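Asker: Sequence:
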Amino acid sequence: MAGRTKARGGEKQQQSLSLGRETVEELEKEAERRGLNKSQLADLLLNGQLTQSADKPTIISIMSYKGGVAKTTTSTCLAVCLSELGYKVLVIDMDGQGNVSQSLRVYDPRSEEACIADVLYQTSPNSPRLTLREVMRTTEYENVYCVPSNFRFADADTRLKAEIAGGVDTRLRYAIEDLISETAKAGERKFDYIIIDCGPRLDMTTTNAIVALEAGNNASHIIIPIKVDGFAIAGLSQTIDTINRTAKERRRLPQHWKILQTMIERNTSAYKYGCQMLKEAIPNAEYFNTKIEKSTVVPEASLAMEPLITYDPNSKPAISYRLLAQEIEAMNA
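Just so you know, the sequence shown maps onto residues 1 to 333 in the UniProt record's numbering.
Hints listed in this document are in silico derivations from the structure and should not be mistaken for laboratory results.
Be careful, since some hints might not be right.
The list that follows gives simulated cross-link-like pairs (lysine-lysine, DSS-like), each with its CA atoms no further than 27 angstroms apart [what the hints assert, rightly or not]:
1. LYS316 <-> LYS161
2. LYS294 <-> LYS248
3. LYS294 <-> LYS272
4. LYS258 <-> LYS291
Computed from a predicted structure; not experimentally measured.
With the sequences and hints as input, model every part of the structure.
Answerer: So, in structure tokens, the structure goes:
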């Protein structure tokens, strides 16, 4: 599997260059951001100095307005499972609680060291914004990297909205594009997947996570984990509304999203009734074939601050997450 991954990253394929810009207005914004006129930007495009679509990672934003749906478990397990398949993975923790950072054992959320907050805005008047490359950490899991979060990110929505400069909803997208460019310039292996773990809220940080998918390839998508019950269904509708509203504001088609059922109790009447409610509430929803079973192993792994996939590799949820990783891998085929 790893050999196949290497071939994917190393092959010189004839593919069209793509900035992911669909309008003249977007091209003008890109030129302005780079301090170039449109002619200069076009020269870069023609000379292959801008990111090719083949070099872009698959970006996966994992979001849910409702907490307690195994969002963090999904982020960490998916990262480790994809690395087991031979891929290089970056996890961006966009939750001020820092649970992903703790689970990957790279960060103490009480620390004042650099984190995702320093990438998206100035945390103090005299501190410049940092790059993802400057902030990301290696983890004890091979080919898994993490951009941590901590308590300083808790007021990110307020801080971003307070900034006078425009384009605060595109900060993460441009940071990822810069990371792709910096990684290539350094001659390092590109990231195959970037997983963005969002907090249980629908605010400017969530908008950044949605817009960030524009920096990825065509297989980039949003995963919405859901525990099938009435409260989660209400939260799902709000999450989908946010995705659609963001697309409308940016005059684009909505990002591709799929529902991941978590914590399921397959043979109970409550689960079956909840599935029926879900189909009636969101009739056009797309689902992953993989479903994650409810298990006491999940909270045990959380208490141990370890990804479930390594805490109990043979548990039913761990096996399901491996199947999910394979399902996501197939989306890139």
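Asker: Evaluate each hint against the coordinates.
Answerer: Now the hints, each set against the structure:
1. LYS316 <-> LYS161: violated (42 angstroms)
2. LYS294 <-> LYS248: violated (36 angstroms)
3. LYS294 <-> LYS272: Since the Cα atoms of LYS294 and LYS272 sit roughly 15 angstroms apart, the hinted pair holds (cutoff 27 angstroms).
4. LYS258 <-> LYS291: holds (12 angstroms)
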